[in-house]
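As a plain string of letters, each chain reads:
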Amino acid sequence: MAVGKVYRVFVFALKVSVEDVLAEIQELASVHLENTRDVIQELEGEPDSSEGSTLSRKLVQVESAIAALTPYEKPLTLLEKLARERPRYRVEDLARLDEDLGVDRLAAEVNSLAERDMKLAREADSRGAVLGALALWESLSEKLRDVASPTPSTVGFFVRVPAKAEEQLFSLGEDVAWEVLGRTVSQLRLIAVVWCDVAEETKQKIAELGGEIVALPVVDRTPAQESQRLAGELDAIRAERAKLAQDLAKLSSKLEPLRASRDYLAIRLQREEARHLLSSTERVAVLAGYVPETKRDELARRLERFGSAVKVVFEGPVEDESAPVVLSNNAVVEPFEMVTRIFGLPQRHEFDPTPIITPFFALFFAIALTDAGYGLVIMLVSALARRFLKLSSAVKGFMRLIFVGGMMTVAIGVLTGGYFSIPQEYLPSFARRLILVDPMTEPTTFLYMVLGLGFLQVWFGMMLSFVKHARSEGVRVALYLDLPWIVLLPSVALYLAAWIGQIPSQWTVAGYVALAAALGVVLFKGYEHRNVLLRVGVGAYALYGGTSLIGDILSYSRLMAFGLVTVGIGMAVNHLSRLVRGIPVFGLVAMVLLLVAGHLFNLLINAFGAFVHTARLQFIEFFGRFYEGGGREFVPFVPQTKYIDVEP
Amino acid sequence: MEIGLLLAILGAASAVALGGIGSAVGVGLAGREGAGVLSEDPGKFGRLILLVALPGTQGIYGFLAWFLVMVKIGLLGGNAIALTTEQGWALFIACQPVALACLVSGIHQGKVCAAGAAMAAKKPEAAGKALIFGAMVETYAVLGLIATILILNGIKLPVA
Numbered sequence: 046m047a048v049g050k051v052y053r054v055f056v057f058a059l060k061v062s063v064e065d066v067l068a069e070i071q072e073l074a075s076v077h078l079e080n081t082r083d084v085i086q087e088l089e090g091e092p093d094s095s096e097g098s099t100l101s102r103k104l105v106q107v108e109s110a111i112a113a114l115t116p117y118e119k120p121l122t123l124l125e126k127l128a129r130e131r132p133r134y135r136v137e138d139l140a141r142l143d144e145d146l147g148v149d150r151l152a153a154e155v156n157s158l159a160e161r162d163m164k165l166a167r168e169a170d171s172r173g174a175v176l177g178a179l180a181l182w183e184s185l186s187e188k189l190r191d192v193a194s195p196t197p198s199t200v201g202f203f204v205r206v207p208a209k210a211e212e213q214l215f216s217l218g219e220d221v222a223w224e225v226l227g228r229t230v231s232q233l234r235l236i237a238v239v240w241c242d243v244a245e246e247t248k249q250k251i252a253e254l255g256g257e258i259v260a261l262p263v264v265d266r267t268p269a270q271e272s273q274r275l276a277g278e279l280d281a282i283r284a285e286r287a288k289l290a291q292d293l294a295k296l297s298s299k300l301e302p303l304r305a306s307r308d309y310l311a312i313r314l315q316r317e318e319a320r321h322l323l324s325s326t327e328r329v330a331v332l333a334g335y336v337p338e339t340k341r342d343e344l345a346r347r348l349e350r351f352g353s354a355v356k357v358v359f360e361g362p363v364e365d366e367s368a369p370v371v372l373s374n375n376a377v378v379e380p381f382e383m384v385t386r387i388f389g390l391p392q393r394h395e396f397d398p399t400p401i402i403t404p405f406f407a408l409f410f411a412i413a414l415t416d417a418g419y420g421l422v423i424m425l426v427s428a429l430a431r432r433f434l435k436l437s438s439a440v441k442g443f444m445r446l447i448f449v450g451g452m453m454t455v456a457i458g459v460l461t462g463g464y465f466s467i468p469q470e471y472l473p474s475f476a477r478r479l480i481l482v483d484p485m486t487e488p489t490t491f492l493y494m495v496l497g498l499g500f501l502q503v504w505f506g507m508m509l510s511f512v513k514h515a516r517s518e519g520v521r522v523a524l525y526l527d528l529p530w531i532v533l534l535p536s537v538a539l540y541l542a543a544w545i546g547q548i549p550s551q552w553t554v555a556g557y558v559a560l561a562a563a564l565g566v567v568l569f570k571g572y573e574h575r576n577v578l579l580r581v582g583v584g585a586y587a588l589y590g591g592t593s594l595i596g597d598i599l600s601y602s603r604l605m606a607f608g609l610v611t612v613g614i615g616m617a618v619n620h621l622s623r624l625v626r627g628i629p630v631f632g633l634v635a636m637v638l639l640l641v642a643g644h645l646f647n648l649l650i651n652a653f654g655a656f657v658h659t660a661r662l663q664f665i666e667f668f669g670r671f672y673e674g675g676g677r678e679f680v681p682f683v684p685q686t687k688y689i690d691v692e693p
Numbered sequence: 012m013e014i015g016l017l018l019a020i021l022g023a024a025s026a027v028a029l030g031g032i033g034s035a036v037g038v039g040l041a042g043r044e045g046a047g048v049l050s051e052d053p054g055k056f057g058r059l060i061l062l063v064a065l066p067g068t069q070g071i072y073g074f075l076a077w078f079l080v081m082v083k084i085g086l087l088g089g090n091a092i093a094l095t096t097e098q099g100w101a102l103f104i105a106c107q108p109v110a111l112a113c114l115v116s117g118i119h120q121g122k123v124c125a126a127g128a129a130m131a132a133k134k135p136e137a138a139g140k141a142l143i144f145g146a147m148v149e150t151y152a153v154l155g156l157i158a159t160i161l162i163l164n165g166i167k168l169p170v171a
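As you go down the protein sequences, you meet chains V and F in turn. For the first sequence, our numbering gives the first residue as 46, with consecutive numbering after it. For the second sequence, our numbering gives the first residue as 12, with consecutive numbering after it.
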């Protein structure tokens, strides 16, 4: 149940073997690499990275080729996409594939086709824009150049103005000659001819009136002729692009091996980058890192094949704080590691809290969700997803976590009579007999039960604090610091319960125990101080701080609230569905739709809230008592791929 | 319609309306920040969606309070019971904890989640921690809801 044992490893290799050694270590996927120079300060320098920039360049090229070909790939349905397995390759196969494919040539070919296509697209766009502009002026029978430069001292341009500006336009002065080409209700199209020296001024005046100067090409053709010519060019472009699309579509059959190649390049590049962590002497490279105890022998075995070119040294198991942390838990607990990870991994001297929070998390999640029907749905969906969909291992773990949560939810749902919030009258009698408490009709009882569970967890946290202090500072110190609280909490609770009459009044004697425990806190909390006044002062302050326990326990009341929300919204959905059924013709369909959508919505919202808030309760009210976290994560050197899975 | 019933309806309406406003503003704030993060890296969507959705719960709490009141006064079933003015006031006041707490906490939770989204832009692996910060603001909305539920539970009305 603890933090896993980890060994320090040093690998000394002749420089010629470095690439292969890194490949071997990468494939093992269990070694955490350190910056060697942090460990062995005497060494400088690193083995030359000869291939780094070449690999980077090739990777970029292959990635752009993949991006160019992907639109031509046969589209998959959503179901196919989810169920599709990532192709698996062994690293040797990847090397061979690389050669067979002629990746460089293929990528270059695809990229040049794609570039040409992009260029043609731009040209088509610009021609299209000009065509659009020319369309309005096709009635003109003069050549465009003649309009633009009628004489050496005049210049002409095309103008569009809103119709209402007509008067003002014509009153612009005698320097402007107008020819109206077309008129609609809202617009006027004309040619303006002015002396060159007033051209700019005139254009500005026209713009002020809301007019637009239309830029048309200056060529020896009429608008109609130019339009025809451009249309012809556009057709040619389209034809060429169609051919390019065909070529690319044909090449898209090579997408899968191209993707595999991309990942092979990425893997090699990762090895190149890992080289930066190594240091070297003239002929030998040194690698420093950590390996879990479980993988130590396999690492040694794998490196044996290099014979005398490589020497491996193991040190450990490592005890100090600097080493990264690896968790090892059984199959039931392991999915809950993700919760611990959100907060932070344990430091090496701490114990792994995951097995402890597993039952609490599952229970509180179930109480917050409170519906056996929803629990069943969750179990079903997570089990099916794990079985039939190809998911990453992180998501698979999450599915296992919510499966366990779903199981608990079914149990709690049975105890609270929640089956999709169906009113109790409709439940069979055996189900009704199993109900312990109905949150809707007895919210206060439900609240007390939840607070009771919170009390238990806080109390348990205090006991774990005892264990923590005992491990780090000895049993005597643990007794001083934690025993008074461990006694104080239940005795105060018993006294209060007797006082308000919930339990027989003989229990008020617990009050005396509580006083004794409080005294214990005051006297022993500051045990390391010699000065009596200081010691008592520290203790009294700590006792005063104990009032925060009330807040901590009350914090668990949110579970009751979430449980009620689930039931309440479920009831609302049922109620609304019943109302909707009355609608003629569509009533039944609408009712079913509303039921499904409403309950699904309720399930999602409340499952999400249950997860986040249960996690929050563990972190703040529970971890706060005994757990620090902040351990360094063990990050193994693995092949990181985007499209394929690497088989070891 | 009697004043009593009017007041009760006003209370229920305020619960769902103010809770909804709180959530709407909160989710909006977080969503704007999230969109900004996505404009740089659309791949972060999965991590951000939970942060953006988190302030949405206040609206649900308000809706629940509305529903509980509506059932209690029989309005959903169509047989509204007769309420005295005092009972109407009691129901109105009972709804205020959840209404006001959800309004304010929803807005502030939105701000925390927006900041969390900005943090996730730089450190995506810490997005889970941002979620916990957001959840902490929700404590007070929850307490408001509990208060409302317990008060409503304690108000005894003639059966519809």
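Calculated from the structure, these hints are not laboratory results. Do not take every clue at face value.
[Stated by the list, open to error] Result set (SDA-like, lysine to any residue): computed pairs, CA atoms no more than 25 Å apart in a straight line: (1) K55(F) to E183(V); (2) K133(F) to S550(V); (3) K441(V) to A140(V); (4) K687(V) to L49(F); (5) K167(F) to I545(V); (6) K55(F) to T122(V); (7) K83(F) to P468(V); (8) K140(F) to A319(V); (9) K209(V) to R228(V); (10) K188(V) to R161(V); (11) K133(F) to V440(V); (12) K119(V) to R161(V); (13) K134(F) to T686(V); (14) K134(F) to P468(V); (15) K50(V) to P468(V); (16) K60(V) to A140(V); (17) K140(F) to P681(V); (18) K250(V) to T229(V); (19) K134(F) to A140(V); (20) K55(F) to F443(V).
[To be verified] Computed from the model, here is a short list of chain F residues facing chain V with C-beta under 10 Å: (21) L61; (22) M147; (23) L154.
Glycine included, C-beta positions come from ideal geometry on N, C-alpha and C.
Which of the listed hints are broken here? 1, 2, 3, 8, 10, 14, 15, 19
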